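**Student:** Single-letter residue listing:
4 protein chains.
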Amino acid sequence: MKAFAKLRPEAGIDLINTERPKPGPFEVVVKVKAASICGTDFHIYQWDSWAQSHVRLPRILGHEFAGEIIETGPDVDPALVGRLIVAESHIACGKCYQCRTGSFHICENLAILGVDVDGSFAEYARIPAQNAWPIPEEIPLDSASVLEPLGNAVHVISATESTGNYVAVFGCGPVGLSAIALAVLSGSVGVAAVDINNYRLQLAEKMGASKIINSSIEDPVAEIRHDTDGHGAGLVLEMSGNEHAIKQAFESVRNGGTVVLFGIPSREVHLNVADDIIFKEAHVLGIVGREMFKTWYKLESLLKSRKLNPEPLITHRMRFDQLEEAMKLVGSGNCGKIVLSP
Amino acid sequence: MKAFAKLRPEAGIDLINTERPKPGPFEVVVKVKAASICGTDFHIYQWDSWAQSHVRLPRILGHEFAGEIIETGPDVDPALVGRLIVAESHIACGKCYQCRTGSFHICENLAILGVDVDGSFAEYARIPAQNAWPIPEEIPLDSASVLEPLGNAVHVISATESTGNYVAVFGCGPVGLSAIALAVLSGSVGVAAVDINNYRLQLAEKMGASKIINSSIEDPVAEIRHDTDGHGAGLVLEMSGNEHAIKQAFESVRNGGTVVLFGIPSREVHLNVADDIIFKEAHVLGIVGREMFKTWYKLESLLKSRKLNPEPLITHRMRFDQLEEAMKLVGSGNCGKIVLSP
Amino acid sequence: MKAFAKLRPEAGIDLINTERPKPGPFEVVVKVKAASICGTDFHIYQWDSWAQSHVRLPRILGHEFAGEIIETGPDVDPALVGRLIVAESHIACGKCYQCRTGSFHICENLAILGVDVDGSFAEYARIPAQNAWPIPEEIPLDSASVLEPLGNAVHVISATESTGNYVAVFGCGPVGLSAIALAVLSGSVGVAAVDINNYRLQLAEKMGASKIINSSIEDPVAEIRHDTDGHGAGLVLEMSGNEHAIKQAFESVRNGGTVVLFGIPSREVHLNVADDIIFKEAHVLGIVGREMFKTWYKLESLLKSRKLNPEPLITHRMRFDQLEEAMKLVGSGNCGKIVLSP
Amino acid sequence: MKAFAKLRPEAGIDLINTERPKPGPFEVVVKVKAASICGTDFHIYQWDSWAQSHVRLPRILGHEFAGEIIETGPDVDPALVGRLIVAESHIACGKCYQCRTGSFHICENLAILGVDVDGSFAEYARIPAQNAWPIPEEIPLDSASVLEPLGNAVHVISATESTGNYVAVFGCGPVGLSAIALAVLSGSVGVAAVDINNYRLQLAEKMGASKIINSSIEDPVAEIRHDTDGHGAGLVLEMSGNEHAIKQAFESVRNGGTVVLFGIPSREVHLNVADDIIFKEAHVLGIVGREMFKTWYKLESLLKSRKLNPEPLITHRMRFDQLEEAMKLVGSGNCGKIVLSP
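Protein chains in written order, with my numbering: chain R, 1 to 342; chain H, 1 to 342; chain Z, 1 to 342; chain B, 1 to 342.
By construction, these hints were calculated from the structure, which means they are not laboratory data.
All values derive from a computational prediction rather than experimental measurement.
Do not rely on the hints blindly, as some may be mistaken.
Restricting the straight-line Cα-Cα distance to at most 25 angstroms, the calculated cross-link-like pairs of lysine to any residue (SDA-like) are [unchecked claim]:
1) H:Lys95 x B:Ala111
2) H:Lys294 x R:His231
3) H:Lys304 x R:Glu223
Covered, in the sense of this in silico footprint (three residues per stretch, anywhere, with C-beta under 8 angstroms from a C-beta of chain H), are these stretches of chain Z [said to hold, decoys possible]:
4) 97–103
5) 263–274
6) 283–289
Residues from chain R that keep clear of chain Z, each with C-beta distances beyond 10 angstroms, as calculated [said to hold, decoys possible]:
7) Ser103
8) Ala111
9) Asp116
10) Lys247
11) Met292
Glycine included, every Cβ here is placed at the ideal spot set by N, Cα and C.
Throw the hints in and build the complete structure from the sequences for me.
**Tutor:** Given below as structure tokens:
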């Protein structure tokens, strides 16, 4: 089969021919029908310091995808063949403390598709059968790969309280944009979207942000304090991973408020722990992935009830063989989610 | 001044002439400009068994009201005179464990306006200065008395999780209707409204219920299970106080779900504790009043952001002297909130 | 093999000869080395109304046991043979919403050993491999069956807050006694133990209760209020299932406090919902079983650190063939946990 | 009266003669009978960068004290004169969002005794009447000043879950030592105490730590992982404010665990946000002060039940006029709490 793989420790990606994967016990093989690009893929594509310390080569990239089950391994119900599914990208060991207590997504032996094992920028991908979530009929197959990052935002919002709260979102990439939509539908009384890219800020407005702040021009901390009678936001979602934004996120939260850290910084970050965490008695939550499978159930019910619509997130549709072009577009920031199809 | 008081231990109410109240330390006197009728007022009007065991006569009734501060007592800022306010109806002692730990609304020495002390079906009413909440400018004075029962619903929703959850509401009186609006705005994926009165069920639909169930005709438990693939509702709000509804509420909740008990039954209730609470591992929350003053802040921010609109709750506006007529209307169930003005 | 089974819909139990179970996929067969008697077993032995409506005959009883794995089924690591284990008695389907969101113990298709499927009052018992928890080396095999009911108490205490709280425990059977020990070790500032049996109250004192109340002589509500300056207990654990005790449990809780319902009443219960739940804003938690497997990890760490010692719970050791005698002892109430060995 | 004040922006303190304070409305004046020294006092004494940016001179230092009410201001019950009290050191405005929602200790206009207003290293001190907590009779007056820092530890433990958890405490100053005692009494399964000072590590052992780690010699992260089968501690309390310790605290926590930040670093801190917070999905809680007055109630009940004994914390007793000597002792680290008396 054809696949896009990282072969060499430098920027770029290669189109390769390789064996089609065979399903092992409890596994299925999926024909990929839609794949989308995550910021993590771009980190690896660029081969930045985070990628250098976390990825071993060679590796087929990609972890957001939807497709059709075409083969089942031992111990898997063969009737699953033909089912249209979207993949949960985290592969848990099932045996550690985290797995046996219901926190599969922070499994101590976690493998992530396209990072730790071969991924989905390929004609076929292999995943555990339990990671294959049936696509709700309300969602077209060629949009379904975005349920994975949408799930990140559902997980963020589920772990916090946005009803009646003023919410500030730093970073308007696809998960940040999804979080804006979720904050709006869950009854926040205002959502400030912060980014340095006007294209993304316009998307943020489309997702329902009540205020957009270009932090290369305006001071987001001052703007957020202004909108909240000087108190700061009750809930701040840091979705960018940018050090400067992380600092502003902490400065923007009110006493007793909550800061979610979701965006991955590529190196250590300076924090004013005394004034921004301790004296404020702030709650800080690291959030990663999605709860398996509580988040998927909640996401599905939001989609079925038409409370949440993933379409506005998708700004570009391209063919698989345009992957490099798509990566450049991600690098420019002038896109929401890009979906690739065969 | 003129006031409506309960003088005798029997159904009915009397219009009396009495002294205008004088403010004591930390108190204000308010000229009543709008008063609304609560189910509790109707319990006392009818003099049912709950009223007989909880109210000592004579008593001026009424606890939902808005008006203008016309006099301040010692230790109160005289600049408050002229301010338009809506009243928090629970008077806390400020000294017990509950008060000193931030739970004023379940003060061990709580007095409720119109129940334990004289209330607001009168030209003037006396309340502690801290119970006077400034009316947000977005809300007209003659609608502001309904912020008190709206606050009940905000408190109910704040204590539970409705985002992404299917919510069943038993009882579509004004607080039940408000809870429906709150469940909708906070991102529930479906809201089933249950009552025996079609007028109220139509109001429920107007507030955003996705399904209305007349429980004198249909089986709400079966309907709710049908809508939730057989699991039951994740969140059930019992707002009626009716024994039959309470039983159905518990039967409607899914394993691990939450039942809020808010409606006051007038006598003891039979419950199937084993199957409906223990084996389901249900969470049951008694909810009363509003958090002082966390609920008020949240309510205010929801009103200012236009997420919540109290107007549809108000189905009738009458004059103070039509109180008895209004009480009969409450008894018929063919109303939402009735607001009385001078 | 020999086994004790309920064959007929009436009080009593029969010793039978039957086939030794064979392990199916993901299952193991265990040679039973220690089995203990639960109140549920006694309900079924007596054939009371709860048993009549929940158990289908014939059925081998028993669900608390420890032993040695002697055979493994397909898809199970054969190296497990020879391992000493204690059984988790709840068999979850692994496929429902509860199972896929980490709440196996309230699985919608739950089967309980000795209730829904054949149990452990037998020479051999069959369980899913994942229900076999290795016995910590600190615990002798012939005491290990009591880890199952100890786990109930760990689950109760984990779901509530006892540190710095005054705790009242209604019902001093083995799980009530275990809950007393857990409340003491987790820093409660007082533990009142309530029962009508002096033998059990003396055991309660041995487990660390700071006060014992024989509710056939003294009024537990008055005593608990006296000890808490009139406020009531912050945490009340209802472990008896007795209707009278359930009512007293609710009357004993302070405003804003928590009542755990664990003891199974055999029929519906009258509750004063208005005064005891709503106006107090009480939290009521139905608790059943143990979290799979969070409770087991916590229990194991408490045992290994010597914070918790199961031995005082075991008041009688008997041979399997003395089961009927043991049942009569359970009926008298003059025992803690009875452990049966071959 | 005599008082110790910081007059000049440099290290040191001056003994001055000044007016005895007069009580304003809602205030009392207390004759100081016991005062103890906090790390914050030492920061100000040394005039480090934190002190330079947070304290305006001149200022009478000190905030931990106990004494006798000798005068009451307007609106205070004169019967309070003669009462023995310990002071809550945080003075809240009573009007901001935090105050009106029960979080006085993170009041947006907070003033701290000895930092923002004149404190208690003086013959007399003035505080709001509501900040005067009656000394429980179980506690001698000359030990009562330590209830204030003990309360910090009660607040830390109340905000987290230590029952059945392995707890690591970084920093064994008086609040760290108190937290060790609290973690032990609330049922932790192991408490690792980390410091670089052997005197303090020996005190930690006396308070019940199951393991002491001198981090200038041993690697605390490796030791804690070793004790927890490689997983890390479920709860980590950072009580030192030292940057190196803060980093180790984050490295020591298990996936899904909780880190409390209590010790105040004097400047910004580098954190590995990606690996230590996000991928672990850690919860980070800034904790400051004590809940007013939930913590005080809990502390009092722990003292009255003899679960908690403050005496071992007090290693030195000195006279007020030995304050400078006491400060030097604090600087050496070779002390627990030092209590000064007239």
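**Student:** Hints first: check each against the structure and report whether it holds.
**Tutor:** Evaluated hints:
For the suggested pair Lys95 of chain H and Ala111 of chain B, the alpha carbons sit about 23 angstroms apart, so the restraint of at most 25 angstroms is met. This hinted pair checks out: Lys294 of chain H and His231 of chain R have alpha carbons roughly 15 angstroms apart, not beyond 25 angstroms. The suggested pairing of Lys304 of chain H with Glu223 of chain R holds, with an alpha-carbon distance near 18 angstroms, which does not exceed 25 angstroms. Only residues whose beta carbon comes within less than 8 angstroms of a beta carbon in chain H count, and the stretch 97–103 of chain Z has 3; three or more means the coverage holds.
Evaluation of the coverage hint for the stretch 263–274 of chain Z: fulfilled, as 10 residues show C-beta separations to chain H shorter than 8 angstroms, against a requirement of three. Coverage of the stretch 283–289 of chain Z by chain H holds. Counting CB-CB distances below 8 angstroms, 6 residues qualify, and the rule asks for three or more. At roughly 8 angstroms, the least C-beta separation between Ser103 of chain R and chain Z is not larger than 10 angstroms, which violates its mark as non-interface. Every C-beta of chain Z lies more than 10 angstroms from that of Ala111 of chain R, the closest at about 20 angstroms, which supports listing it as non-interface.
With a least beta-carbon separation of about 23 angstroms from chain Z, Asp116 of chain R lies farther than 10 angstroms from that chain, consistent with its non-interface assignment. The beta carbon of Lys247 of chain R sits about 35 angstroms from the closest Cβ of chain Z, which is more than 10 angstroms, so the claim that it is off the interface holds. The beta carbon of Met292 of chain R sits about 8 angstroms from the closest Cβ of chain Z, which is not more than 10 angstroms, so the claim that it is off the interface is violated.
Consistency note: the structure conflicts with the earlier hints numbered 7, 11.
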